[in-house]
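Student: If you want the building blocks of each chain, they are given just below.
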Amino acid sequence: MIAVEGLVKDFGRTRAVAGVTFHVAAGEIMGLLGPNGSGKTTIMRVLTGFFPPSEGRVAIDGIDVERDPLAVRERIGYLPENVVLYPDLTVTRFLRFCAEVKGVPSASRRARLDEVMEACGLTEVAGKLIGKLSKGYRQRVGIAQALMHRPRVLILDEPTVGLDPRQIIEIRSLIKSLAGETTVLLSTHILPEVSMTCSRVMIIDYGRIIAEDTADGLSQRVRGSNETRVRIAGPRAEVLAALRSAPGVEDLREEPLDDGAITAVLRSARGDELRRELATTVVGRGWGLLEMRSLPMSLEDLFVRLVRDDRDAAA
Amino acid sequence: MRKELASYFAGPLVYVVIGAFLCVTGLQFYTTLNSFVTIGFGLNILEHFWEEFFNNSIAFYLLIVVPLFTMRLLAEERRLGTIELLYTYPLRDREIMLGKFLACLLVFLLFVACTLLYPAIVYAIQPFDPRPFFARYLGTVLFLASCIACGLFISSLTESQLIASSCTFIVLLLFWILTWNEAAVSSSLVTVLSQVSTFDHFHTFSTGVIDLKDCLYFVFFIALFLFLTLRSMESRQWRGRR
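Those protein sequence lines, which keep their order, are chains R and W. Here the first sequence is numbered in the numbering used here, starting from 1 and rising by one per residue. Here the second sequence is numbered in the numbering used here, starting from 1 and rising by one per residue.
Think of the hints as simulated: they come from the structure by calculation, not from any bench. C-beta atoms are modelled at their ideal positions from N, C-alpha and C, and glycine is treated no differently. Take the hints with a grain of salt, since some may be wrong.
[To be verified] Going by beta-carbon spacing under 10 Å, a handful of chain W positions derived as facing chain R:
no.: 1; residue: Glu77
no.: 2; residue: Gly81
no.: 3; residue: Val122
no.: 4; residue: Gln126
no.: 5; residue: Arg131
no.: 6; residue: Asp211
no.: 7; residue: Arg236
[To be verified] Residues of chain W clear of chain R, computed beta-carbon distances all greater than 10 Å:
no.: 8; residue: Phe60
no.: 9; residue: Thr82
no.: 10; residue: Val112
no.: 11; residue: Phe175
no.: 12; residue: Trp176
no.: 13; residue: Ser188
no.: 14; residue: Thr207
[Unchecked claim] Using C-beta positions, here's what the derived DEER-type ranges look like:
no.: 15; chain 1: W; residue 1: Ser160; chain 2: R; residue 2: His23; range: 39 to 47 Å
no.: 16; chain 1: W; residue 1: Arg79; chain 2: R; residue 2: Asp259; range: 41 to 49 Å
no.: 17; chain 1: R; residue 1: Ser108; chain 2: W; residue 2: Val219; range: 48 to 56 Å
no.: 18; chain 1: W; residue 1: Lys213; chain 2: R; residue 2: Asn82; range: 45 to 53 Å
no.: 19; chain 1: W; residue 1: Ile125; chain 2: R; residue 2: Asn82; range: 28 to 36 Å
no.: 20; chain 1: W; residue 1: Ile163; chain 2: R; residue 2: Gly37; range: 21 to 29 Å
no.: 21; chain 1: W; residue 1: Lys213; chain 2: R; residue 2: Arg67; range: 42 to 50 Å
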């Protein structure tokens, strides 16, 4: 549904996007993940036809964005970053304008308007001026305008930024409910969001894709390498030596806690086996095993690592 | 365009400015008429009065007020970021531009319609031949549309409404006073300048005469600035392209 080939975008001498290629199949929810300034918004703006690519080709539903921007715009709904809408219009007035402009037939406009407002939870603020709404409601108006004409492709730039936790959950479930029918490309710099909503994820840094995987695949990578935290009561030197020499321990970090016990974090690829062996050793030596816990590597850690590895490779 | 209209009437700006506009033109109407009546300038007194009134009141105050309205047309969209929405809706650039232009023009037609009150008052007291007023109002509308087109263009260049309004005002004023002091420049230059000056072309209308040349001048003026606006809106397309 979305096809991007060798996309490059330069602003003056700055290269915002440096050769990005990806495809999003119909009905998929694709997450675009990257730190601020990594080129997410630029990629999205090119997709919407806001500005053309410097190099490369972008097609939506088989239509080249540069060749027929109007046809492309009819097929997409776009929520820009930091949605600022017309503050001096009421919600209904603004959404009706969207419906008109986006070619919702006048016969079904009324019904569609109600439907979208209902779905986005806007019914109770319909008559209020957009400028007077809270950030959360404004974000919902932004999503409502993107959905208005039942676009085949939704492009959402940071859809949950600035919302409170309950609203975030609502918006996420709204986005998820669109899967299958609508193709969604959403950007975020919040990692859990991706694993919760997206079927596939791309990680972007410095305008390049540094990793692309399914959400499950990412979780797998996360589980593959983990850390174990242990707290053991026993003779310090011996305990540490035993921990260091346990097979598969790559790294040991002691956490100085002044409670008489030894607290350490071990890194190893052999998670469960290592823990089983360690438990046996500790009990066998007659030490006290106060705590043993596996620390899953968070997506944040993965992300930081991917970015670091990539930058090292580039250097 | 309807959104544009709705946002005009949602705010107090329109009412305040219409009110002020009518106050000022009304005052001018009263004092100028008064002086014309008391001093007397000959037989054709009322014709001169209307000429004076359209030139110095209606057109001049429009020239001051138009920048206040055109400044926000595109500059505000850019500052708010809503231009990004418009540009990604299935709208052509020229549709966006014409929507803005026509909405603004419509608001001002309302202004101008209010000034019909003045000739109506005089007509009630002393009936006159209404035909020259077709020319005067045609001239006013053309002049108005020119000002708006120019303001729209300048508004498309900047994000700052202050810059947009002050630049528009200066440009409009410049075109208006180009031949202000005819003695200051050589006579050949005056002939050239008077071809470019909005004042000289408007003046013909204010005397109650419709000249095709003047109509064409304003139409060209409008078309030129609308064309420039379109190019300015498209400039985002070639930024960053090689």
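Student: Hint by hint, which ones does the structure fall short of?
Tutor: 3, 4, 5, 6, 9, 16, 17 and 19
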